[in-house]
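Undergrad: Protein chains in written order, with the numbering used here: chain W, 804 to 1185; chain Z, 238 to 926.
I should point out that these hints are in silico values taken from the structure, not numbers from a laboratory.
The beta carbon of each residue, even a glycine, is placed where N, CA and C say it ideally should be.
Hints may be right or wrong, so weigh each one.
Derived DSS-like pairs: lysine-lysine, alpha-carbon spacing no greater than 25 Å straight-line [what the hints assert, rightly or not]: (1) Lys-542(Z) - Lys-324(Z); (2) Lys-812(Z) - Lys-921(W); (3) Lys-886(W) - Lys-301(Z); (4) Lys-879(W) - Lys-938(W); (5) Lys-938(W) - Lys-1033(W); (6) Lys-1123(W) - Lys-463(Z); (7) Lys-1123(W) - Lys-888(Z); (8) Lys-1183(W) - Lys-917(W); (9) Lys-886(W) - Lys-463(Z); (10) Lys-523(Z) - Lys-1123(W); (11) Lys-886(W) - Lys-523(Z); (12) Lys-879(W) - Lys-823(Z).
Here chain Z is said to cover these stretches of chain W; the calculated rule only asks that three of the stretch's residues, wherever they fall, bring their Cβ under 8 Å from a Cβ of chain Z [unchecked claim]: (13) 905 to 911; (14) 1112 to 1121; (15) 1144 to 1153.
Just a sample of chain W residues kept apart from chain Z, beta carbon distances all over 12 Å, derived [claimed, not checked]: (16) Asn-875; (17) Leu-1124; (18) Asp-1160; (19) Val-1177.
Chain by chain, the residues run as shown.
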Amino acid sequence: MKRLTYTILAIVALIATSCRNEDIIFIPEEVEVARPEFTSVQGFYVLNEGNRGSNKATLDFYDYTTGVYTRNCYAKANPDVPKEMGDVGNDLGIYGTRLYAVINCSNKIEVMDKNTLKRLGQIEIPNCRFIKFHKGYAYVTSYAGPVILDPEYEQVGYVAKVDTATLEVVDKCLVGFQPDDLEIVEDKIYVANSGGYRFPNYENTISVIDIATFKEVERIPIAINLLSVKSDRHGVLWIISRGNYYDIPSNIYAYDTRKHRIVKKMDIPASACWMDGDSLYVVSTQWSYVTMSNEVSYAIINTETQQLVTRNFITDGTDKLIQIPYGIAVNPITKDIFVTDAKDYISPGRLYCFGKDGVLKWDVRTGDIPGHFVFLGDTKTE
Amino acid sequence: MKRFLAILLSLTVLCQAVTATGINDSVPERRVNSVDSMQYLENVIVYGRKPYAEVIPAQVLSAKTLEGLNSHSVADAIRYFSGVQLKDYGGVGGIKTVDIRSMGTNHMGVFYDGIQLGNAQNGQIDLGKFSLDNIEEISLYNGQKSDIFQPARDYGSAGTIYLRTRKPKFNDGKRDNINFTMRTGSFDLVNPSLRWEHKLNRSVSFTLNAEYTYASGQYHFRYRKKFSDGTLAWDTTALRRNGDVHAWRAEGAVFGAIPDGKWNAKFYYYDSERGIPGAIVNNVWKNSQRQWDRNFFTQGGWQKKVSEHYEAMVNAKYARDYMHYVNPDTTLMLIDNKFWQDEIYVSSANKFTIVRDWDVNLSIDYKWNHLNSTLVNFSYPTRHTGLAALATAYTLGGFKAQASLLYTMVNDLHESRNAGQTIAHHSQWMHKFTPAAFFSYAPWVQHDLNFRAFYKRIFRMPTFNDLYYTDIGNASLKPEYVDQYNLGFQYQLMPEEGIFAGFKISADAYYNHVTDKIIAVPKGTGQYRWMMMNIGKVKIRGVDVTARTSLRPMRDVRLDLNLNYTYQRAQDYSKPDDYGDGGTYKGQIAYIPWHSGSAVFHASWRDVVELNYSFIYVGERYHTSSNIPANHEQPWYTHDISAHYTFGVGKTRIKVTGEVNNLFNQYYDVIQNYPMPGRNFKIILKFDI
């Protein structure tokens, strides 16, 4: 009996003290993926969005000077920040010496030193989406404007004007419903309104804000559910419409800010794009209710001639490995093309690097939902 | 002799009341019923040998054990079963769902007083909403209850939990029992309940029960991280908010006895409002989502042994569930959705005893479900389900076998709508046959050693959400299948003399194969857009071990120790291309630990003083099947203790209970970013008049 009691006590003592390690801060993982390359571009950051509620927005960095890809850099640079960078990264930008990461569901923009990633502060903007910079100010779109309850619940979006010196929001300009990407051309801000929360009554306009007065001066009808807007070198905006996911497919429109009209409708699907020189690189994922699968494409548009150059810039068959092409970027110097695969949104994604010939150079595992890029260094080609 | 056997059986049933998971497992209800008059022997501790009534017995938690387990809801209690994983979003009001042997929550059938609780909308039963206040017994069956005399629906799940509410029992000469219970403690819990049992005449009695629960759900949680050298990186403590719950429950039942049979009728009503505490992420420490639930059902059953060769059972149910979800957070999309579900169910089971030791059962069920919602372009689905189960049981000496074949017919009707107009009506039919077979063999009469095996193939229907939820639903989904193979043994020893009062060990090894698993696949442009697809495959290899022992070291003192251990390798075989370097192929699926277990120690002196210690361990897990360090979840384990003292004042029995849960104040997450409470307390006062 005694022996049994002791045995029981011993077991209880053992399980009472059984191991549970302390949570350790993320240690960045370094992977050597390519030979070093020396140009004016030192490297690039990748913002991994992380699925909603997972708090897994992370930053990866590729260093051209070493050929090393480093995953999850933020926590090491800022080990004292509780719950790390935040929930759902949505945009990334560099202005001056700082890196700005728009963290959508953490309602903030994380401001860091662009080289060390040391946190310098944060800009509090609820449901913030995209960021652009102009003459000392950052302009950020947000879904979370004032709520109007008459006759039905409605909440318009706005563009916040942020003084980059103080990181304070100094002004707000109301725009359409659920504004996403924005672009600045000749002292005007063009904002892509989506109306995504108003399914099935999507928005269909671009809001134009005059920077000097910071007032909305115009609404330009383009197409429903706008996502992104990028300007080329000729004053033309390239605008992605997501469509309504049913009978209206996604599409790309070209709007000439000088002629004040739509000059081209591309009739190709699009979910993300990157402007480089006179080339617009477009990736798309489109759900087909016929095949019950995603149809993907990798296109290049010549923005000077406004013609489609290719419907598949990946030439070596690697496209078959990519499940959900999600982010796209092009090195301005070498013209290497980067495509990310978001896979199932809850597993780690993958980054593919293609040469300008469309042949795979290297690929590497990323964080969850890699989606946004920014290059570090001098990106001017002339 | 028959009478003697009945008494023996009743005694063995009664000892469940004092054993943790039942050294003697359940006896078919019809036999229990026939010895109702014996039940006043409740407090007598007796061990007796009995033949196994079922081919494979259940894991059982009796009312007495439940009282000792510091559990607030059915969900808390179920953690003590082996092979079970609980998904717990924390606090009193957080969602708690159960997964048996890693097959997924939707494969779990939960039965309340013999009739399944349905949720055609999402297939999940939130067991956190079921109070233990009125529960007499919880039993868990892998596969199905291997007693063939049951409705066809009971054959239709991969794993089954039976919740049995308290049946009135009256001591000699008593016509009324009144019980008042008050629970209070951490989270600002106020939880009174009242039960009245009344005996109308020799054969009819009823019970009425009402319960109110309020809790602010507030508790402190703590997250911290360290550097690899052990120094602190960050440490933060915050208050968990929006976890409040207000709930009313009212239940009533009438029980009747008829010659060679019985009947019952009951109603259940539950009305609650709760906050959805949500995930804790950087810069967001509070959420504001709210949910209202109203659940009502009424059900009844009748059974009778018509002749030596024929026994009949009829069950019927009507249920209506209302759910209202609001996300008023102005930083997020406004969501304000209401859902109404209706279910009508009728069942007839017919058992034919062809010769002694050979039974055949035929059960026919019909079920009707409808879902209504305020969602845009909702498709208002209706489902007709017809079920027929043919089962047979055969006993030859120590060998028992049962086999069943279930036929399921489903007809789904739904609409396609656009801009508020119906543009098309759809009707889909499905017919499926699924088999199951159970065997047990006791090679020796003098040793209570039993070998057992079963095979079962079953599927779960895609839920209305899977099929028709606006935008993500996929109307072309097929059912999700699971094949289960199980091999095990059970040994028990019950010496009548000496210090050992009983010892039982059981072990089962199993292999489950889930195919056509319904999972969300990213769809088209942009995040948060998904499509449900039948592309998942999971292979689960596991071992469940349970051991328990009872000691009587001295007069009036009793000690029980109950241990459970589960090992599971549940691997994701969905995407063969996604192998290596953080890929999901062959990865352990989300939130399934390799190792988990529990220990419960109970000591009592004359039913006056009782002490309980319970321990739960869940080993390391990953929150996706990509098993990389960034997805790692720490093990967690909690120690709970309770002490009970019972005394009498006049004719009133009073029981005082004090509980300390999570004694060592461990801060942990069951689900990533959903912090669980640290150390907490509860005091319970019970009056039995």
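Undergrad: Are 3 or more residues of the region 1144 to 1153 of chain W near chain Z, judged by a Cβ distance of less than 8 Å?
TA: holds (count 7)
Undergrad: May I ask you to check that Asp-1160(W) keeps its beta-carbon over 12 Å from the closest beta-carbon of chain Z?
TA: Non-interface label on Asp-1160(W) holds, nearest chain Z Cβ at 25 Å vs cutoff 12 Å.
Undergrad: Run the distance test for Lys-1183(W) versus Lys-917(W): straight-line Cα separation, threshold 25 Å.
TA: With Cα atoms ~18 Å apart, Lys-1183(W) and Lys-917(W) stay inside 25 Å; holds.
Undergrad: Between Lys-1123(W) and Lys-463(Z), does the CA-CA distance stay at or below 25 Å?
TA: Violated: Lys-1123(W) and Lys-463(Z) sit about 42 Å apart, past 25 Å.
Undergrad: Is the straight-line distance between the alpha-carbon of Lys-886(W) and that of Lys-463(Z) 25 Å or less?
TA: holds (12 Å)
Undergrad: For Leu-1124(W), is the shortest beta carbon distance to chain Z beyond 12 Å?
TA: violated (7 Å)
Undergrad: Given the hinted pair Lys-542(Z) and Lys-324(Z), is their alpha-carbon gap at most 25 Å?
TA: This hinted pair is violated, its Cα atoms lying about 42 Å apart.
Undergrad: Are three or more residues of the region 1112 to 1121 of chain W within 8 Å, CB to CB, of chain Z?
TA: Result for this restraint: violated, n = 0.
Undergrad: Please work out if Lys-879(W) and Lys-938(W) have their alpha carbons no farther apart than 25 Å.
TA: The given pair, whose Cα atoms are some 32 Å apart, is violated under the 25 Å limit.
Undergrad: Classify the label on Asn-875(W) as holds or violated, using whether its beta-carbon is more than 12 Å from each beta-carbon of chain Z.
TA: violated (7 Å)
Undergrad: With the threshold set at 25 Å, check whether the alpha-carbon distance from Lys-886(W) to Lys-301(Z) stays at or below it.
TA: Since the Cα atoms of Lys-886(W) and Lys-301(Z) sit roughly 43 Å apart, the hinted pair is violated (cutoff 25 Å).
Undergrad: Lys-938(W) and Lys-1033(W) were given as a pair; does the straight-line alpha-carbon distance stay at or below 25 Å?
TA: holds (19 Å)
Of the numbered hints stated above, those contradicted by the structure are hints 1, 2, 3, 4, 6, 7, 10, 12, 14, 16 and 17, listed in ascending order.
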